[in-house]
Amino acid sequence: QNIGCDDYLGSDKVIDKCGICGGDNTACKVVSGVFKHTLTNLGYHKIVEIPEGATKINITEMSKSNNYLALRSRSGRSIINGNWAIDRPGRYEGGGTMFTYKRPNEISSTAGESFLADGPTNEVLDVYMIHQQPNPGIHYEYIIPGDNVISPQLLAHRRPGEPLNGQLGMPESTDQEDEDLHRETDTLTGQSVGTFPVIQPGRFPSHQPENQVPAVQPPRQNREHNWKQIGKTECTTTCGKGSQYPVFHCVNRITHEEVSESYCDSSTKPIPEEEACNLFPCPAFWDIGEWSECSKTCGLGMQHRQILCRQMYANRTLTVQQYRCHHLEKPETTSTCQLKICSEWQIRTEWTSCSVPCGVGQRTRDVKCVSNLGDIVDDEECNMKLRPNDIENCDMGPCAKSWFLTEWSDRCSAECGDGIRTRSVVCMTNHVSSLPLEGCGNNRPSETTPCNNGPCAGKVEWFAGGWTQCSTECGSGTQQREVICVRKTEGNFDVLNPYECSYLEKPPGQQSCYLKPCGSKWFHTEWSTCSKSCEGGFRVREVRCLSDDMTASTQCDPQLKPEEKEPCNTQDCVPEIDENCKDKYYNCNVVVQARLCVYTYYKTACCASCTRVANRQSGFLGRR
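According to UniProt numbering, the sequence shown is numbered sequentially starting from 1.
It should be emphasised that the hints constitute simulated quantities derived from the structure, not laboratory data.
Please read these numbers as outputs of a predicted model, since none were measured by experiment.
The beta carbon of each residue, even a glycine, is placed where N, CA and C say it ideally should be.
Hints are not guaranteed to be accurate.
[Unchecked claim] Lysine to aspartate or glutamate pairs mimicking EDC-like chemistry, simulated, CA-CA at most 16 Å apart:
1) 340 <-> 381
2) 102 <-> 290
3) 29 <-> 16
[As the list claims (entries may be wrong)] Simulated restraints on C-beta separations:
4) 524 <-> 447: 48 to 56 Å
5) 381 <-> 323: 44 to 52 Å
6) 146 <-> 381: 55 to 63 Å
7) 468 <-> 404: 55 to 63 Å
8) 370 <-> 397: 34 to 42 Å
9) 550 <-> 447: 39 to 47 Å
10) 146 <-> 66: 37 to 45 Å
11) 370 <-> 328: 20 to 28 Å
Work out the full structure: start from the sequences and follow the hints.
Now the structure itself:
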C-alpha cells in the first residue's frame, strides 16, 4: 500500500500545487506574466520580485539571446550571475531553496535561459536581466500561499529557521561573514576585495547528527557515571568551512572508563552543537564555461568560452580574483571550430564559342555551387564574392566592311525642269566574301544624282501651300492648307481657275493631326428636347469621362464636369387667339359645366369656352 502525504499507510492524499497535503489547489495564487519592456542601457535591469514563501518558481527567457538572467537576495547577496561574472549552468542555493540555472548552448537550440526552483523561499529575491541586445521577453511564474494557510506537510518537515508561510519562526543571525567572501570578484570588475572570514564557535544552529541513536532510559539513575566528550565527528569538508559535532560517551567518574550508555541519564546527555571546521579556503580553481556557437556555419571559424577563477567556501562556489589561480595553467578561452566544409564554386563546362564571327561578342560557361557531398545547391550556399564569371566578352577581330548600294530610282523628283534621282547607301559587314577591306571609311558614295525631264513652260499644275497649325492643342484635330491651280512660265507662276487643273488629281486641303494625348476629358451629348413648351421645363444630356482611347475613365476633374440637366422654356404659357374659334351660343358655360366639350359638335359650337377650359386643365397637369 502507498503512504500518503499525511504519513498514513493506505492514504491517497497528495500535496497539491499549493503545497497543502490533501489540498484542492485553492489555497494559493499563481502569479505569472511576461516582461517585454524595451531597454536602452546596457547592464542590470530588474525584471520581477519573488516574495517570501513563493514555490514552483519558473523564470524563462522566451527565446535565445546574448542577454543573461541574474538573481540576488534583497540583502544584496548575489546568487547567480552577479558582479558582472557569468556563472556556469547548474544548481545554486539561495533564498532557502535550490535554483537550477539552465543555459542551452546547442547551435540549433532556440530556447533561452531559465531559473527553476521548487521553493518555498524564505526571503524576497530579485530577478534581473543583464541587457546586451533587444529583450526577447522574459516569462515569470510562481505560486504564493493564501492568507493564514499552513500545510501539515510543511510543519512536519520544517527545519529550524525555515519560513512558515513566508514568515520566519524565530529570528536568526545572518551569515554576514559568508557574504564578505562573495564581494571578492575579478579585478576587471573594479570591485573591492574581501577576505575569508573567521567563523566564531557556537554561531551555528544546533542539530543532532543523523546517525545519533536516542539512548534507552536506564532502569535507575547512577551518580557514579556521567557523560564525557571523547572527541569530535569527522569534518564534513576538507577545506572551505565544514561542520563537525562533539561525541559524548558514558564514563565512570573515577576511572573515566567507557561504559554502556544505560549507566548515564539520557536526559542529561549534552546536545551536540555544530562546530565550524577547516575554515581555511579551498584552493582556487579555473571554472571552465561552455563553448559559444561557432562564428561561421561552415569553414574555419572561432568559438569562445568564459574562464573564471573560483573558490569553494561554505558549500558555495564564489568568484575571486584571477591571481588566486596563478598556480594553475589557465585554459584557452578561444578555439578554432568548423561545423562543416563550405560549399564551393565549380566550373562545369568550358567556354562556348563566341556569339559573333567577327567583332566583339560574348561567350558563356556553366558555373554551379556544389556542396562537400557533390550535390548542386543554391548559389546562396557559396560565397557570392568568389563566384567565377559565367559570361564574358570575346573579340573575334575586325570585320570586313564595304558600302552596299541600291539602284537609282526610276522617277525624277520633278516632272519638268531640274530634279534628282535617289538611291540607298549603307555600310555593312561582309560575311561572304573575303575582300581585303578594313572598313567603309569616309568615302561614302553619293545618294542623289541630278535629272531633267525638259522645260516646264506653259505647264499647268496644282500648287499646295503650307499646313496651318493643328486645330487642337492635344488629341485629334485638323490642319488646312490652300491648294491653287497655277501655270509655270519663265521665272513666274500664274494663278488659274481651278477647272484648268480639274483633269489633275487635286492634293488634299485638309488633314487630321495629333500633337499629344490629352488625358481623360469630359464628353457630352446634345441637349434633349425641353420637357415643356412654357412655364418652365427641363432638358438633359449624358456626360461621360473618356480617356484618349475613348474608354471610360475616372481621371477627369469633378469640378469641371458639365451640367447634365438645365431648365428651359421658362416663359409663361400664352394661349394662341384663333379668330375662327368663337362661341355660337350664349349659354356655352352650361356646356362646359356639363362636360360636353368632348363631343365634336359642342367643341365647335362653343369653341372659345371649350378651348379655354382645355388650356387651363393642361397647365394644371403640367404644374403637377
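Which numbered hints are broken by the structure, listed smallest first? As far as the earlier hints go, 7, 11 are violated by this structure, in ascending order.
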